[in-house]
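Using the hints provided, position chain B relative to the given structure of chain A.
So the chains spell out like this:
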Amino acid sequence: MSSNKTWSALSYTITFLWIFCLLFPFFWMVSTSLKDTPASLKTPPSLLPDVPQKVNVDLKYQSQANETQMKQDAATVIWTIADQFKQDHIGSFSVRSIENNRIRMVASGLLYQVQNAKDRFILSVSPGPSDIVKASDDLLKTISVERVDQDYTEQKREDENPLLKKINDTISRLPLAGKISTVTANGDPTAFVNSYSRAYSHAFEHTGRTFGDFILNSVTVSLAVVVLQLFISSLAAYALSHLVSPAVARWLLLFFVATLMIPPILLFIPLYNMMSGFPFKSIPFTSIPFPNINLLNSYWPLILPYTAWGLSILVLKGFFDQISKQTIEAARIDGASEFKIYWKIVMPLSKPILGVMAILTYIAVFDDFFWPYIVAQDPKVWTYPVALYYAQSSMAEPNVTMALAVIAAVPTVLLAVIFQKHIEKGISFSGLKG
Amino acid sequence: MKSLLSRPWVAACICLAPAILVFFLFKYFPIIQAFGMSVYEWEIMNPPGNLTGIENYNRAFSSATFWTSWSNTLELLFIGFLLGFWPPLLQAIFLSNIKRGQWIFRVLYLLPFVVPAVAQFTVWKWIYDQDYGVLNSILGRQDAWLGDAGLVKLSLCFPMLLGGGIGVFIYLAAIKGIPKELFEAAELDGAGPFRQLIHILLPRIKYVIVIQLILAIAQGFQVLDKILVLTEGGPAGASTTVAFTIYHYAFRTYEIGYGAAIAVTLFIAVFAITAIQLRLSRSKD
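In the order they appear, the protein sequences are chains A and B.
Just so we're aligned: 292 in numbering that gives the first Met the number 0 is position 293 of the first sequence, and the numbers increase by one with no gaps anywhere.
Just so we're aligned: 172 in numbering that gives the first Met the number 0 is position 173 of the second sequence, and the numbers increase by one with no gaps anywhere.
These aren't lab readings, by the way, just hints derived from the structure by calculation.
On a predicted model such as this, the values are computed, not experimentally measured, just so you know.
Wrong hints could be hidden among the right ones.
[As the list claims (entries may be wrong)] Here are a few chain B residues that face chain A, going by a calculated C-beta distance under 7 Å:
#: 1; residue: Cys14
#: 2; residue: Ala18
#: 3; residue: Gln32
#: 4; residue: Leu82
#: 5; residue: Gly83
#: 6; residue: Phe104
#: 7; residue: Leu107
#: 8; residue: Pro115
#: 9; residue: Thr121
#: 10; residue: Val122
#: 11; residue: Ala262
#: 12; residue: Arg281
[Unchecked claim] With a Cα cut of at most 30 Å, we get these calculated DSSO-like pairs of lysine-lysine:
#: 13; chain 1: A; residue 1: Lys420; chain 2: B; residue 2: Lys205
#: 14; chain 1: A; residue 1: Lys41; chain 2: A; residue 2: Lys164
#: 15; chain 1: B; residue 1: Lys98; chain 2: A; residue 2: Lys420
#: 16; chain 1: A; residue 1: Lys165; chain 2: A; residue 2: Lys155
#: 17; chain 1: B; residue 1: Lys152; chain 2: B; residue 2: Lys124
#: 18; chain 1: B; residue 1: Lys179; chain 2: A; residue 2: Lys420
#: 19; chain 1: B; residue 1: Lys175; chain 2: A; residue 2: Lys4
#: 20; chain 1: A; residue 1: Lys4; chain 2: B; residue 2: Lys205
#: 21; chain 1: A; residue 1: Lys155; chain 2: A; residue 2: Lys70
#: 22; chain 1: B; residue 1: Lys124; chain 2: A; residue 2: Lys379
#: 23; chain 1: A; residue 1: Lys165; chain 2: A; residue 2: Lys133
#: 24; chain 1: B; residue 1: Lys98; chain 2: A; residue 2: Lys4
#: 25; chain 1: B; residue 1: Lys175; chain 2: B; residue 2: Lys205
#: 26; chain 1: A; residue 1: Lys178; chain 2: A; residue 2: Lys53
#: 27; chain 1: A; residue 1: Lys70; chain 2: A; residue 2: Lys4
#: 28; chain 1: B; residue 1: Lys179; chain 2: A; residue 2: Lys4
#: 29; chain 1: A; residue 1: Lys41; chain 2: B; residue 2: Lys124
#: 30; chain 1: A; residue 1: Lys59; chain 2: A; residue 2: Lys155
#: 31; chain 1: B; residue 1: Lys124; chain 2: A; residue 2: Lys85
#: 32; chain 1: A; residue 1: Lys59; chain 2: A; residue 2: Lys70
#: 33; chain 1: B; residue 1: Lys205; chain 2: A; residue 2: Lys41
#: 34; chain 1: A; residue 1: Lys53; chain 2: A; residue 2: Lys4
Just so it is clear, CB atoms sit at the ideal spot from N, CA and C, and this is done for glycine as well.
Looking at chain A on its own, in the form it has when it is part of the complex (with noise of 0.2 Å):
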């Protein structure tokens, strides 16, 4: 536009600022989601997550140790972390247990396993060690034990580590038949994906699915549409184009474009009752039934009603006009039949804008919720918004819940970061021309 300095200037910086805040959203959703638990639901909130902690403790055998001990003793020293030291971060932790300056046992895991796990097996409020120690058995199966044989090399203390002196001062007071010989700390990187662990097997427990299953439902619905779709809407376009006269392409257009002004949710009604007997329980109008079959909770209500977008048959057919006459003529002069012209002529000269109405059919169809979530009740066929939608109002950790909202973006931010102009493109046709 201008050329004046401040004007740019002003422009840079408004709009600098203004895609900063349209991203704290996205950037608090990310951000949430790398939490553990506690992180997330501290007040006040911190801007980022903590680098989770991988806690390792020693524990030292005289020579009689039996392995129920090591198996008490870590169990003890495991939940004794889990419950006083929530808000350290700590994502993963080992106790190892060493006799004869060799170690024996490797009690490793996520934490957040044992602080589920906590809430199945011990049932009093607040235990005793005696508690714990009934219970050892079932804690440690929902983590890793392992009898090994291997060199143990002492490792340095670290007393100025003020979480490890606080860990090793709690653990110290407990009755536990070993010796406790070193505790430490590391970061632990790859714990920042526990919520997203824990977001896949979610759904699994409530409704025998996991998260794979609801992202291969869309993916697999959103392709059908847009494969089925664009064939109706490009043979459409292409009669329109140049197989009927401007005056009746002029009213077609209309019938097919009409449709986007009507409101979706005037169409839920009569659309569920459709695809609960279709096409028609009776002949309309009258009571004589009519053979029907419930599409309900299958993959066909979730892609039949997107077959029809006038959007695309009224930009195809404006890509199409453009085709020069004189290519087509010839063409049916040399005796090719229509369809020969639109699969081998005009077909592969649109393969821009086929791809452009493609993106934007999946992306569409991908993030749509509402009618898959009327139509798809049985989990089987959840969409992903659908099932994202049912996790969000059942759960209340808000980074899994993060997390879960994340896996839902990946897909369609990853089209738009690659096929950027061709959604731009489509967006200002379709802009422009309606």
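Then chain B, alone, in the frame of chain A:
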């Protein structure tokens, strides 16, 4: 056989048939069905049920919830328009001035369009959380953004201030279509950027702005996803929109005929308002 198929009108019919079929089956026929369902006490198991005529409509028009849902919808439409209509336009104007690195901003402005709405609503629900949400921490308050009837409509519309989405790109494309010479000529005449904005840019994209306005209003009547995820129509019906009421009666209490009747009123209202707007915009030209 081949000569029959290569006659244009036969091919035309075959090419158009699938599209006409699906549009009729999934768009136009359902509209008629919705009208039909609204005059019955529709039974989904054993259609159609009792013919009740305009009773569903009477019930709607005499129901306080019905009218409240309309006033809620209009309030949300108004607040949403105030907060949400102009950001994409402004963002596009500023973006058009940026030469270097414009593409980064363009990708980022796309985010609200490509990220599933449910995911975005989920984050905002968490940001607005009364006890643990980040908004209350930043402000140092304890407000129930989604739980207070006085705040909820504002909270629902506030994220629209952040802009982004397809609007930015539609305006951007329109702005790019303005011949540069117009701006250069104005600058030679001594017009500053602000005057150029008002006298050249805005008038030339007026058409696009009007269309976006019509679409925004039509869509504003249909707010539904947002309500379901964020407030479920609460608190105490303060954010229950017409669309949410339709959903409630059709899919929760299974009073399908009643829901269809309300949906028909919505359809007629949106249709009428859009038609009026189109008329007005045509006559201005």
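Hints and how they fare:
1. Cys14: Nearest chain A Cβ about 4 Å off; hint holds.
2. Ala18: Since the shortest Cβ distance to chain A is 4 Å, the answer is holds.
3. Gln32: Since chain A brings a Cβ to about 4 Å from Gln32/B, closer than 7 Å, the hint holds.
4. Leu82: 13 Å, violated
5. Gly83: Constraint on Gly83/B not satisfied, violated at 13 Å.
6. Phe104: Given a least distance of 6 Å, the restraint on Phe104/B holds.
7. Leu107: Holds, because the Cβ-Cβ distance from Leu107/B to chain A comes to roughly 5 Å (cut-off 7 Å).
8. Pro115: 4 Å, holds
9. Thr121: 5 Å, holds
10. Val122: 5 Å, holds
11. Ala262: Since the shortest Cβ distance to chain A is 5 Å, the answer is holds.
12. Arg281: Cβ of Arg281/B sits 15 Å from chain A, so the hint is violated.
13. Lys420/A - Lys205/B: 25 Å, holds
14. Lys41/A - Lys164/A: 23 Å, holds
15. Lys98/B - Lys420/A: 17 Å, holds
16. Lys165/A - Lys155/A: 17 Å, holds
17. Lys152/B - Lys124/B: 14 Å, holds
18. Lys179/B - Lys420/A: Distance ~22 Å between Lys179/B and Lys420/A Cα, so the pair holds.
19. Lys175/B - Lys4/A: Holds - the C-alpha atoms of Lys4/A and Lys175/B are around 20 Å apart, at most 30 Å.
20. Lys4/A - Lys205/B: Cα-Cα ~26 Å, so holds.
21. Lys155/A - Lys70/A: Answer holds: Lys155/A to Lys70/A is near 24 Å, not above 30 Å.
22. Lys124/B - Lys379/A: 27 Å, holds
23. Lys165/A - Lys133/A: Satisfied, since the Cα-Cα distance of roughly 26 Å is no more than 30 Å.
24. Lys98/B - Lys4/A: 12 Å, holds
25. Lys175/B - Lys205/B: 14 Å, holds
26. Lys178/A - Lys53/A: With a Cα-Cα distance of about 20 Å, the restraint between Lys178/A and Lys53/A holds, given a limit of 30 Å.
27. Lys70/A - Lys4/A: Judged against 30 Å, a Cα distance of about 72 Å means the pair is violated.
28. Lys179/B - Lys4/A: Cα-Cα ~17 Å, so holds.
29. Lys41/A - Lys124/B: Holds: Lys41/A and Lys124/B sit about 17 Å apart, inside 30 Å.
30. Lys59/A - Lys155/A: 15 Å, holds
31. Lys124/B - Lys85/A: 25 Å, holds
32. Lys59/A - Lys70/A: Given that 30 Å is the threshold and the Cα spacing comes to 13 Å, the pair holds.
33. Lys205/B - Lys41/A: 49 Å, violated
34. Lys53/A - Lys4/A: Violated, because 53 Å separates the two Cα atoms, which is more than 30 Å.
Of the numbered hints stated above, those contradicted by the structure are hints 4, 5, 12, 27, 33 and 34, listed in ascending order.
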